[in-house]
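Same order as they appear, the protein sequences are chains A and B.
One rule links them: number in the working numbering = place in the first sequence (from 1) + 744.
One rule links them: number in the working numbering = place in the second sequence (from 1) + 744.
Simulated from the structure, these hints should not be mistaken for laboratory data.
Misleading hints may appear alongside valid ones.
[Stated by the list, open to error] So these bits of chain A aren't anywhere near chain B, every CB distance computed over 10 Å:
#1 A753
#2 P792
#3 Y842
#4 A863
#5 D1020
[Claimed, not checked] Okay, the calculated beta carbon distance ranges per label pair:
#6 Q788(B) with R787(A): 44 to 52 Å
#7 A783(B) with E845(A): 44 to 52 Å
#8 M943(A) with D780(B): 34 to 42 Å
#9 D887(A) with G1009(B): 45 to 53 Å
For each residue, glycine too, the CB sits at the ideal point set by N, CA and C.
2 protein chains.
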Amino acid sequence: MKTMESFPARVFAATAEKGGPVVVGLDPRPELLPPDLIAWGRRQSSDPRQAAALAISAFNRLIIDAVADIAVAVKPQLAFFEQLGWPGIRALEETMAYARERGLLVIADGKRHDIGSTAEAYARAYLGYTGARGKGACGGLDDIASGLEADALTVSPYMGTDSLEPFLAACRERGKGIFVLVRTSNPSGAELQDLPVGMGEKPTTLAERVGQLVMRWNEGMPTADGYGPVGAVVGATGPEEAARLRRQLPGVLFLVPGYGAQGAGATEAAAAFAPDGRGALVNAARAIQYAWRLEHPDDPGSADDYAAAARRAALRMRAELRAAVQTGRVSGDGD
Amino acid sequence: MKTMESFPARVFAATAEKGGPVVVGLDPRPELLPPDLIAWGRRQSSDPRQAAALAISAFNRLIIDAVADIAVAVKPQLAFFEQLGWPGIRALEETMAYARERGLLVIADGKRHDIGSTAEAYARAYLGYTGARGKGACGGLDDIASGLEADALTVSPYMGTDSLEPFLAACRERGKGIFVLVRTSNPSGAELQDLPVGMGEKPTTLAERVGQLVMRWNEGMPTADGYGPVGAVVGATGPEEAARLRRQLPGVLFLVPGYGAQGAGATEAAAAFAPDGRGALVNAARAIQYAWRLEHPDDPGSADDYAAAARRAALRMRAELRAAVQTGRVSGDGD
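Turn these sequences into a full structure, and let the hints guide you.
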């Protein structure tokens, strides 16, 4: 089997090339798209689902073109494609293929998890993993590619180690990555994740316990600069918590969502980076894709306006992150 | 708005009509399908993905026909459709529509969860929920149906209450149901779910804590015979644990997976029922769909063989469950 570059190696190479750890979330909401694209989609198909899917596919290409030389990766949020049924999934395939063509990594945001045999189907769908299956049965139909293969997938830890094993196998054998939900920044994220667990004298939170599992899942994996392919989703819930998790989880790549529109800023995000300036990818979705609407709430704008505003927003985010991580690094050195 | 029957009301009506709480899981694995169906699919399309999707759609119709008068619901496992890309999702749409046409409820097994605005897209995709959106924007494109609307969806609790709010709204407003992962039966299920949480004198497990949230989420919801639309996935990990959760969670409908092939039998499943014989649905996937292969490991069989074996297996399961629940009820009365 040909050796593949590990996921963290590809992330670090791309971060160096693009000049920063920017990830652009693709959450295509038909109701927020530029009206001229929607009108174009409706001219292409009288089926409203297909019209919307064509429009979001075109919109994603436009955003990808606008940020291709700035972003490390795009992160399509699967829910927004699923809500359009199969035409939406076809738009997802087109979007992933186009991002790859433009030299971007793809992080499929699906937060999937299930018992082993089902997780294997998810690993096959999103990480191209076919390892555990008998080859050649059924006239070769077992070797079908899903068309949805990404570089990494977000996953959920609730069902434990064996539920993630096929994803871990894809990390070991196919140079893929996963990001495990550890601490999410939504208001109810604390409800379970901050619960003290265990009977010891120093109780940890559930999120910290999941973090310990993430460290264990990284053992024996291919690494780059000490980072393994099993990462963590760590929402920017405040710089203290992110900094604490950063110290507790060396070698774990963080995916920090919600930059901009969800309230996280560069200072919060900076806490997710190690003193060497590595260790995290930061995602903005609305703040980039819909920068035009945020800047001009009363002007619906055109596709050109959206693309130009998205590019400006991505450049601004990269600059803010660079400055914040630089500051954090300096103050980190001073500890 | 027209009032809709609640999800538990529909479940109980169907259980009475069908004579038992049988759910048939649809996990269409191309490598396990009858060879004649695969060959037929390949004659229809030279694209292996579409060939497989056509074959699984035909296979699901065949299983649905075989169990339509026995089963309360089918439970398509989304991963097995996603692994075939958009043709797989089209097969899922066809399968859901056909199940409905044959009078079966549909439980979409996706174990979805995400922050509120994304969960809303999942609720729109699988529960037809469009409540929180502005109507009429974008020339009506915001009112598109996904084609994937089910009666209920499995969801995951890790991100807390607000991450499930759109699903809860679909339960309140659209007669839908959800099943929240509480205790799963996979070997690593205990890893997080059995952790003692909280600082009190009587620590509960994480699974029990999630169960308490499920009870809370049912408050103020439409009910039938005391059961709300927010159910729980409770794997048959042993009769004691299921019986304990059953006592702790009155009014919560359990979805018990893994009957047959995953090792759970009627005695384990019976513990998930209340003394009145209500309170749970029991799912078998492999044990019904692939009953032919289990019975005849060396004979690949035809579509007709699979259908007949699936029907026999479903009838046997219904009879076993009836007998076990009856026994459980009698011994429950004697407590």
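To see whether the hints hold, each was checked on the structure:
In this structure A753(A) is separated from chain B by more than 10 Å, as the shortest Cβ-Cβ distance comes to about 27 Å. Residue-level check failed: P792(A) sits 5 Å from the nearest beta carbon of chain B, not beyond 10 Å. Every CB of chain B is more than 10 Å from the CB of Y842(A) (nearest about 15 Å), matching its label as outside the interface. Residue placement check: A863(A) does not keep its beta carbon more than 10 Å from all beta carbons of chain B (closest about 7 Å).
Taking the minimum C-beta to C-beta distance to chain B, about 30 Å, the non-interface status of D1020(A) holds against the 10 Å cut. At about 31 Å, the beta-carbon gap between Q788(B) and R787(A) misses the expected band of 44 to 52 Å. In this structure, A783(B) and E845(A) break the distance hint of 44 to 52 Å, their C-beta atoms being roughly 35 Å apart. With their beta carbons about 57 Å apart, M943(A) and D780(B) fall outside the hinted range of 34 to 42 Å.
Roughly 35 Å separates the CB atoms of D887(A) and G1009(B), a value that falls outside the hinted 45 to 53 Å.
In terms of the numbered hints stated before, the structure departs from hints 2, 4, 6, 7, 8, 9, listed from lowest to highest.
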